[in-house]
Each structure stands twice: as structure tokens, then as C-alpha cells.
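Visitor: Produce the complete structure using the sequences and hints provided.
Protein chains in written order, with my numbering: chain A, 220 to 321; chain B, 220 to 321; chain C, 220 to 321; chain D, 220 to 321.
It should be emphasised that the hints constitute simulated quantities derived from the structure, not laboratory data.
What you are looking at is a predicted structure, and each value in this text was computed from that prediction instead of being measured.
Worth double-checking, as some hints may not be accurate.
Copies of one chain are not kept apart here, so a pair can be met inside one copy or by any two copies together.
Here are the computed lysine-lysine pairs in the PhoX-like style, where the Cα-Cα straight-line distance is at most 25 angstroms [what the hints assert, rightly or not]:
#	residue 1	residue 2
1	K314	K275
2	K241	K275
3	K232	K312
4	K232	K314
5	K241	K312
6	K312	K275
7	K241	K314
Number of protein chains: 4
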Amino acid sequence: MVLLEFSLYPTDKGESVSEYVKRNLEIIDESGLPYKLGPMGTCIEGEYDEVMAVVKRCFDRMSADCGRVAIQIKIDYRAGHSGRLDAKVQTLKDKTGRDLRT
Amino acid sequence: MVLLEFSLYPTDKGESVSEYVKRNLEIIDESGLPYKLGPMGTCIEGEYDEVMAVVKRCFDRMSADCGRVAIQIKIDYRAGHSGRLDAKVQTLKDKTGRDLRT
Amino acid sequence: MVLLEFSLYPTDKGESVSEYVKRNLEIIDESGLPYKLGPMGTCIEGEYDEVMAVVKRCFDRMSADCGRVAIQIKIDYRAGHSGRLDAKVQTLKDKTGRDLRT
Amino acid sequence: MVLLEFSLYPTDKGESVSEYVKRNLEIIDESGLPYKLGPMGTCIEGEYDEVMAVVKRCFDRMSADCGRVAIQIKIDYRAGHSGRLDAKVQTLKDKTGRDLRT
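Guide: In C-alpha cells, the structure reads:
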């Protein structure tokens, strides 16, 4: 299982691009995979091929009518671990003993 | 104001590094800046110099006893906008009309 | 066509990981796609599916014997443009009028 | 010493932004620090504060007349190592025994 965080947006559509980015969230939400939307990207958890297939669908939809698209992806693979979308944050709350903001 | 998301961790301390990463969260939490901890990094909002100063403190603490440290940073600067730590996510909820998971 | 830059390495194998990273370069070199190795990652040019297939092969090989793997990917898609592995750098040399170091 | 790779560009200026990105290269070239320009970003080598100061100058110049700016930064700190702008690539050439493209 991997955690994949990505952002994917057009850079040829001016300063505000939420009308375009909302498409990603529709695709992600409909994928059925566990995810978390954050201020700078969305994290998805699943097998490598599953999460990459979601990114690909987002890319196909964005490149259909955008001339330039930027994508940033970070992946954290850890053998034999799942449920890390929540567990990584919880571990840090436990280890710091603080009610960290999430 | 900028949104800065970063992850900063040692790569010479084996598979589990939460004992090291927890230091970042202590530093971030004590900075007084608004932040959100996520599964793949932490977002901080503030002026460029403010948020970069937090990253620097995390780096200093980590490099004090780690031989190799990896850092990834993404910054989104938007003139005249603040409160985006929450606003960006809310905008996407509004535009999709969905209760997106956060 | 896209430009994809990525780095992919184990984080559970200690400070020096070039023995592991060299596998990526063998896979990339054998892919037949145009690429450029740099100090912090490798850029590949091709269709989205082509370049992502190379990353996948690198991931499969790395995750076969590494317990934790970190991946960072940046993609720049620009409709109707190719040959950008060299052209982007050349444009900056031309526009600055300087013999920039590459 | 750290290796820092970054890209910094406006996202509110349309599809072609090399007129803006060329400013970064002027600033980097004049910094006196060793660097390498690549297709997806520029790598600089130096002390943490030195390389971050270069990024800051690029940000100040870009944000002076751009309403939205995206920055991606990757840092690789390794205690007691320098000259890695060239050494990391050379190590991979040596270990693969191939004349990898750079």
C-alpha cells in the first residue's frame, strides 16, 4: 500500500483555478479510495496502480481543455502497512502528547 | 501571505522515523502560526519569512543528530489573500457541492 | 508530451543509497526514452503513459527488496510541444543571453 | 552543505513564462554559488542559509509583479559531504558502468 499526495492544476488559466481543480476532487471522491483533501493537495491511499490510475484520470480530464498542466506527486510506500491515512497523524499526536491541528 | 507545505525527515535512521518527525511538530505547534498536519506533510500559513523560519528551525534540529535529511517544500503565494488554510478546501467543497473528506 | 522529473529511493537502507538508485538509471537508460540525469533526479520526456510506465518499473524493482520507498514526481504537460528536454534550457540561455551552467 | 533544487514560476501569466523564469536564472547565476540548470528546475549547492537566500531573492523579484507564484523545493542534506552537484551523477555513472545522459 502507498500513500500518494498530489496536486494537479492548469497554469494557463489565470490566477484562480478552483473551477478546474474541482474536477480532480470529483474524480477522487468517485474513485472509492480513502482520501483526505488538504490545502495544498489531496492524499489517497491504495495500491500503487490504484492511486496512479486516479491521477491519470485527473490528468486526462485536465489536459482535455488545458494547454499547460503542472503536477506534483509524493509517494510513501511502506511494506505491510495500511490505514496510514489516519495512522501517521495519530502517531504524531501520540508521540508529541499534543492535540495537533489537523 | 503564503501557504507552505513541507516534509522533513532523516533518511539514515531506518524505516520508522516518527520519533524524529515529532520534533518538527513540536516546533511548528510552538511557532504560533496557523497550520494543518496531514498524512504527507504539514501546511503552514504566514508571511514568506515567517514560514521559512519554521522550516529552518526544523532543519537545524534534525541536522543536529541526523547525517542525511530530505526536505520537500511546496509554496503557494497569492497576493492579497489570507485565511487560505481553510478557504481553499471550503471553496472546493462549495464548488463540487460535496462533503469532501478532509 | 510531458516532461517528468522524479527521484525514487529507499529510506530504510541507511545514508548511502546509490547502490539502489543505480537500478533506476539502468531502467531509465533501457527505456529508450530521452532523459537527463541530474543531481536531484532524472527528467524523462514522452507521452504520459510512457514516462509513468518507467517510474512504475523503478518502483517495482525498488519495492521488491526495500521496506520503505520515497518518490517525488513533477510533471510539466504542454500541449503540442516536444523536444523540451533541451528546449527549455536553451530558451533560458537565449533569454538571459548568458552561458548558464547545465 | 545541501543540494537544493527548485522551480519558481507565476501561474497567473498564461502558458509561456520563460520571460519570468529567466529572472531566477539571472539571480542564481549572480549568486556565485555552484548550480546546474535542468529542464524542470535548478540545483544549487551551498550552506542551507546560502541556498535559501537565493530562493528568497527569486521569490521577492517574482512576487513584485506576479499575483500568484508556485514554488517547489527539494533539499538533500548530507553531513560532511560537498561537491555533490557533480559527484552524485558521477557515482551513478560509475556504479552503472554506463555513459548516462546528463
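Visitor: Confirm or reject each hint.
Guide: Checked hints:
1. K314 x K275: between (36 angstroms within a copy, 22 angstroms between copies)
2. K241 x K275: For K241 and K275, only the intra-copy Cα distance (15 angstroms) is at most 25 angstroms; the inter-copy one is 27 angstroms.
3. K232 x K312: between (39 angstroms within a copy, 21 angstroms between copies)
4. K232 x K314: The answer is between: 17 angstroms across copies meets 25 angstroms, while 43 angstroms in one copy does not.
5. K241 x K312: So K241 and K312 pass the 25 angstroms test across copies only (8 angstroms; inside, 30 angstroms).
6. K312 x K275: Only across copies: K312 and K275 sit 22 angstroms apart there, 33 angstroms inside one copy, limit 25 angstroms.
7. K241 x K314: Close across copies (7 angstroms), not inside one copy (35 angstroms); limit 25 angstroms.
This entry satisfies every hint, going by the numbered hints stated previously.
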